[in-house]
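Next come the chains, spelled out residue by residue.
2 protein chains.
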Amino acid sequence: MEVVFLGTGAGVPSKDRNVSSIALRWTESGGDTWLFDCGEATQHRILHSSVRLSRISRIWITHLHGDHIFGLPGLLGSRSFQDAKRPLTLYGPEGLEKFIQSSLEVSGTHLRYPLHIVEVCDGDHLECEGIRVQVARLEHGIPSYGYRIKEPDGPGALDAERLRRERVPPGPHVQQIKEGKKVSLPDGRMIDGRKYLGPSRSGRHLAILGDTRPTPAAKELAHGVDLLIHEATYAADQEALAWNYFHSTSVQAAELALAAGVRRLVVTHISPRYSLDEGKRLAEEAQAVFSDTEVARDGFAIRIEKRIVK
Amino acid sequence: MEVVFLGTGAGVPSKDRNVSSIALRWTESGGDTWLFDCGEATQHRILHSSVRLSRISRIWITHLHGDHIFGLPGLLGSRSFQDAKRPLTLYGPEGLEKFIQSSLEVSGTHLRYPLHIVEVCDGDHLECEGIRVQVARLEHGIPSYGYRIKEPDGPGALDAERLRRERVPPGPHVQQIKEGKKVSLPDGRMIDGRKYLGPSRSGRHLAILGDTRPTPAAKELAHGVDLLIHEATYAADQEALAWNYFHSTSVQAAELALAAGVRRLVVTHISPRYSLDEGKRLAEEAQAVFSDTEVARDGFAIRIEKRIVK
Ligand SMILES: [Zn+2]
Ligand SMILES: [Zn+2]
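Going down the list, the sequences are from chains A and B.
1 is the number of the first residue of the first sequence in UniProt numbering; add one for each residue after it.
1 is the number of the first residue of the second sequence in UniProt numbering; add one for each residue after it.
Worth double-checking, as some hints may not be accurate.
Subject to a maximum C-alpha distance of 20 Å in a straight line, what follows is the list of computed DMTMM-like cross-link-like pairs (lysine to aspartate or glutamate) [said to hold, decoys possible]:
| no. | chain 1 | residue 1 | chain 2 | residue 2 |
| --- | --- | --- | --- | --- |
| 1 | B | LYS15 | A | ASP16 |
| 2 | B | LYS15 | A | ASP298 |
| 3 | A | LYS280 | A | GLU255 |
| 4 | A | LYS15 | B | ASP298 |
| 5 | B | LYS98 | A | GLU97 |
| 6 | B | LYS85 | B | GLU129 |
| 7 | A | LYS306 | A | GLU284 |
| 8 | A | LYS195 | A | ASP226 |
| 9 | A | LYS178 | A | ASP159 |
| 10 | A | LYS306 | A | GLU129 |
| 11 | B | LYS98 | A | GLU105 |
| 12 | B | LYS219 | B | ASP122 |
| 13 | A | LYS85 | A | ASP16 |
| 14 | B | LYS150 | B | ASP32 |
| 15 | A | LYS15 | B | ASP16 |
| 16 | A | LYS15 | B | ASP83 |
| 17 | A | LYS98 | B | GLU97 |
| 18 | A | LYS150 | A | GLU129 |
| 19 | A | LYS150 | A | GLU97 |
| 20 | B | LYS219 | B | ASP298 |
| 21 | B | LYS15 | A | ASP83 |
| 22 | A | LYS219 | A | ASP187 |
| 23 | A | LYS182 | A | GLU161 |
| 24 | A | LYS98 | B | ASP298 |
Residues of chain A clear of chain B, computed beta-carbon distances all greater than 10 Å [stated by the list, open to error]:
| no. | residue |
| --- | --- |
| 25 | SER14 |
| 26 | LYS15 |
| 27 | SER29 |
| 28 | GLY30 |
| 29 | GLY39 |
| 30 | GLU40 |
| 31 | LYS98 |
| 32 | LEU115 |
| 33 | CYS128 |
| 34 | GLU129 |
| 35 | ASP153 |
| 36 | PRO155 |
| 37 | ARG167 |
| 38 | PRO172 |
| 39 | SER202 |
| 40 | THR215 |
These are computed hints drawn from the structure, not numbers from a lab.
All residues carry an ideal CB built from backbone N, CA and C; glycine is no exception.
Go ahead and model the full structure; you've got the sequences and the hints to work with.
Laid out in structure tokens, this is it:
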């Protein structure tokens with residue numbers, strides 16, 4: 001699984017950072033991509049990334065501020081122009097459907113693929129091909145949601161060395177072995193797939209949160225995740241400003257990461273008042289509280305591996 | 001007067017060309033800027049140009065296809081974020097106001113400057129601080145307009161050498177001399193401003209046309225202009241395709257330039273099927289018909305000077 005930060009700035013684009021968008025690529029299962037938020041020019045950033053428009057199957061919108069949605073109409077149109085046929089589902093707050101419909105209608109955009117729009121609510125639990133997504137409302141003045149993505153636990157890695165040693169031939173039965181099933185081999189042997197797998201691996205849990213002040217709902221979503229992605233619009237010395245504008249500081253994000261026992265924190269949605277260099281200050285302040293913190297930049301990508309269950 | 005091509009591609013952004021937008025900077029009169037069309041990420045291109053958001057006073061939309069309007073909501077919001085207070089007027093086809101209102105409303109965008117929206121019709125003649133704008137409907141399936149911009153003829157250039165020779169001191173009366181008025185100087189002399197001006201200069205005429213098939217309305221708008229900006233979505237060998245999609249080829253644009261007796265032609269709105277290098281082919285084909293033709297690229301800028309009336 002790869003997470004690609006397409007846009008990491010707050011409010012307005014700057015030369016350094018575009019407005020918000022994050023891509024989540026399910027690299028192990030065919031490369032389906034989920035997008036989280038879609039600020040203006042997200043499709044432009046995608047042109048210069050590993051993401052393919054046609055592979056985007058779901059887009060999750062945290063809230064309807066312009067810097068999180070104004071790239072949607074263009075991206076939907078370009079995906080159609082590229083002749084993508086696979087369905088696309090959008091998730092987001094109430095009002096998303098009206099915005100999309102009026103934008104497509106006024107511009108005469110006819111999509112050549114099925115588009116579904118799901119308006120989400122606080123407390124929703126969605127299931128997408130085995131992956132569960134929990135939705136909780138944060139504190140941002142207008143409805144702003146956080147998403148917790150829970151991949152199911154899975155079998156361990158295939159012990160290819162043991163297969164070779166026991167002369168198990170290649171063939172369609174290997175997939176069943178990978179799933180830990182009992183299999184009869186072409187030579188008549190019956191084997192138990194579980195014996196050819198390493199220790200089970202836990203599904204990855206991520207929390208990707210919309211703009212917010214510190215709020216208990218964020219801690220619930222973030223509890224024990226492998227990766228927490230949180231806004232840090234301001235540095236620690238602007239806590240009052242952050243509060244007034246329903247935002248967080250980098251230190252507040254780190255405090256949440258610590259309290260929720262997450263493995264890793266990436267902060268994003270950095271105010272254009274901070275240069276890329278000043279971004280280092282936000283990182284240092286946060287790392288003093290929670291050491292596994294990074295400040296995202298446009299194009300920053302990280303891989304999250306499955307972990308072995310102890 | 002400077003014309004800056006911010007985006008010169010058709011339909012979808014590519015690595016080479018962004019979608020449509022052109023800036024017209026009135027450099028001689030304080031640097032007010034007019035924008036023609038505003039595809040997605042126009043504000044991003046502006047960040048890397050001589051254009052300032054706060055100086056944009058009027059935006060003219062040729063038609064409502066997404067590649068011409070999806071940058072508007074973000075640009076309007078960022079202009080407000082930068083604390084611009086001066087009013088902004090948008091002109092465009094019916095439906096523009098609904099798109100803007102619904103985008104601003106759903107995103108909770110509150111503009112801190114007055115925004116006026118004027119929906120235009122075929123045959124409209126508008127007047128903007130002495131500059132006249134004629135509107136005509138072209139042929140693009142949906143309503144698509146062309147704009148002819150007519151600057152009034154003006155007095156000749158000030159003969160600064162003669163002022164010096166006759167010891168006319170600096171002061172507020174110099175502005176009146178520039179306008180060709182009779183002036184009483186501080187020392188009591190009465191002088192006739194007209195004698196201190198060179199030959200009168202004609203106002204500049206430009207035609208900036210939206211997407212269109214060849215149509216008589218285009219010729220009327222383009223008649224004798226200093227600069228014609230016309231789409232050339234396709235090369236000459238794709239005339240049938242161009243017709244079917246209500247577009248033009250580069251040669252058709254050149255034929256219009258020739259027939260309308262324009263001084264200079266710049267073609268833009270180039271299909272992403274053509275690389276920047278292939279764009280040279282479109283240029284050569286068109287130049288064979290009308291030699292003063294250029295194919296725009298993103299960032300291409302040209303100055304248009306006033307001409308002396310013969
Ligand atoms: Zn935001
Ligand atoms: Zn177009």
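Now for the hints, and whether the structure bears them out:
A distance of roughly 18 Å separates the Cα atoms of LYS15 of chain B and ASP16 of chain A; the hinted pair therefore holds under the 20 Å criterion. As the CA atoms of LYS15 of chain B and ASP298 of chain A are separated by approximately 17 Å, the hinted pair is consistent with the 20 Å bound. Among the hinted pairs, LYS280 of chain A with GLU255 of chain A is consistent with the structure: their alpha-carbon atoms are about 18 Å apart, no more than 20 Å. For the given pair, LYS15 of chain A sits about 17 Å from ASP298 of chain B by alpha-carbon distance, which is consistent with the 20 Å threshold.
Our distance criterion of 20 Å between C-alpha atoms is met by LYS98 of chain B and GLU97 of chain A, whose separation comes to about 16 Å. A C-alpha spacing of about 19 Å is found between LYS85 of chain B and GLU129 of chain B, which places the hinted pair at or below 20 Å, so the restraint holds. Between the alpha carbons of LYS306 of chain A and GLU284 of chain A the distance comes to roughly 28 Å, so the proposed pair goes past 20 Å and is violated. Annotation: proposed proximity of LYS195 of chain A to ASP226 of chain A is violated, straight-line Cα distance about 28 Å (limit 20 Å).
Restraint check: the Cα-Cα separation between LYS178 of chain A and ASP159 of chain A comes to about 9 Å, which is no more than 20 Å; the hinted pair holds. In summary, the hint linking LYS306 of chain A to GLU129 of chain A is supported, as the alpha carbons are separated by about 18 Å, within the 20 Å threshold. The straight-line distance between the Cα atoms of LYS98 of chain B and GLU105 of chain A is roughly 11 Å, inside the 20 Å bound, and the hint therefore holds. For the hint pairing LYS219 of chain B with ASP122 of chain B, the CA-to-CA distance comes to about 14 Å; that is within 20 Å, so the pair holds.
For the proposed pair LYS85 of chain A and ASP16 of chain A, the alpha carbon gap of about 34 Å is over 20 Å, so the pair is violated. With a C-alpha separation of about 16 Å, the suggested pair LYS150 of chain B and ASP32 of chain B falls inside the 20 Å cut-off, and the hint holds. The straight-line distance between the Cα atoms of LYS15 of chain A and ASP16 of chain B is roughly 18 Å, inside the 20 Å bound, and the hint therefore holds. Using a Cα cut-off of 20 Å, the hinted pair LYS15 of chain A and ASP83 of chain B holds, with the two alpha carbons roughly 18 Å apart.
About 16 Å separates the Cα atoms of LYS98 of chain A and GLU97 of chain B, which keeps this hinted pair within 20 Å; it holds. Under the criterion of a C-alpha separation no larger than 20 Å, the hint pairing LYS150 of chain A with GLU129 of chain A is consistent with the structure, at around 11 Å. Restraint check for LYS150 of chain A and GLU97 of chain A: not satisfied, since their Cα atoms lie roughly 26 Å apart, outside the 20 Å limit. Using a Cα cut-off of 20 Å, the hinted pair LYS219 of chain B and ASP298 of chain B is violated, with the two alpha carbons roughly 26 Å apart.
Of the supplied pair hints, the one linking LYS15 of chain B and ASP83 of chain A holds, its CA atoms being roughly 18 Å apart against a limit of 20 Å. At most 20 Å may separate the alpha-carbon atoms for a hinted pair to count; LYS219 of chain A and ASP187 of chain A exceed this at roughly 54 Å. Pair hint LYS182 of chain A plus GLU161 of chain A holds up; C-alpha atoms about 19 Å apart against a cutoff of 20 Å. Simply put, LYS98 of chain A and ASP298 of chain B have alpha-carbon atoms about 33 Å apart, too far for the 20 Å limit, and the pair is violated.
Once the 10 Å rule is applied to beta carbons, SER14 of chain A is inconsistent with being away from chain B; the minimum gap is 7 Å. Consistency note on LYS15 of chain A: stated as away from chain B, yet its beta-carbon is not over 10 Å from all of that chain's, at 6 Å minimum. Non-interface call for SER29 of chain A relative to chain B: holds, since the shortest CB-CB distance, roughly 28 Å, exceeds 10 Å. The non-interface label for GLY30 of chain A is consistent with chain B: the shortest C-beta to C-beta separation is roughly 25 Å, beyond 10 Å.
Interface exclusion of GLY39 of chain A from chain B breaks down, the closest Cβ pair being 8 Å apart, not more than 10 Å. A Cβ of chain B approaches the Cβ of GLU40 of chain A within 10 Å, the least distance being about 4 Å, so the stated non-interface status is violated. Not every Cβ of chain B is farther than 10 Å from the Cβ of LYS98 of chain A; the closest lies at roughly 6 Å, contradicting the non-interface assignment. Residue-level check passed: LEU115 of chain A sits 15 Å from the nearest beta carbon of chain B, beyond 10 Å.
For CYS128 of chain A, the shortest C-beta to C-beta distance to chain B comes to about 25 Å, beyond the 10 Å cut-off, and the non-interface label holds. For GLU129 of chain A, the non-interface assignment is confirmed: its Cβ lies about 29 Å from the closest Cβ of chain B, beyond the 10 Å cut-off. Every CB of chain B lies more than 10 Å from the CB of ASP153 of chain A, the least distance being 39 Å, so the non-interface label holds. No Cβ of chain B approaches the Cβ of PRO155 of chain A within 10 Å, the least distance being about 41 Å, so the stated non-interface status holds.
Under the 10 Å C-beta cut-off, the non-interface status given to ARG167 of chain A relative to chain B holds; the minimum distance is some 51 Å. Under the 10 Å C-beta cut-off, the non-interface status given to PRO172 of chain A relative to chain B holds; the minimum distance is some 41 Å. At roughly 38 Å, the least C-beta separation between SER202 of chain A and chain B is larger than 10 Å, which holds for a residue marked as non-interface. Every CB of chain B is more than 10 Å from the CB of THR215 of chain A (nearest about 19 Å), matching its label as outside the interface.
Comparing the model with each numbered hint stated earlier shows that hints 7, 8, 13, 19, 20, 22, 24, 25, 26, 29, 30, 31 do not hold.
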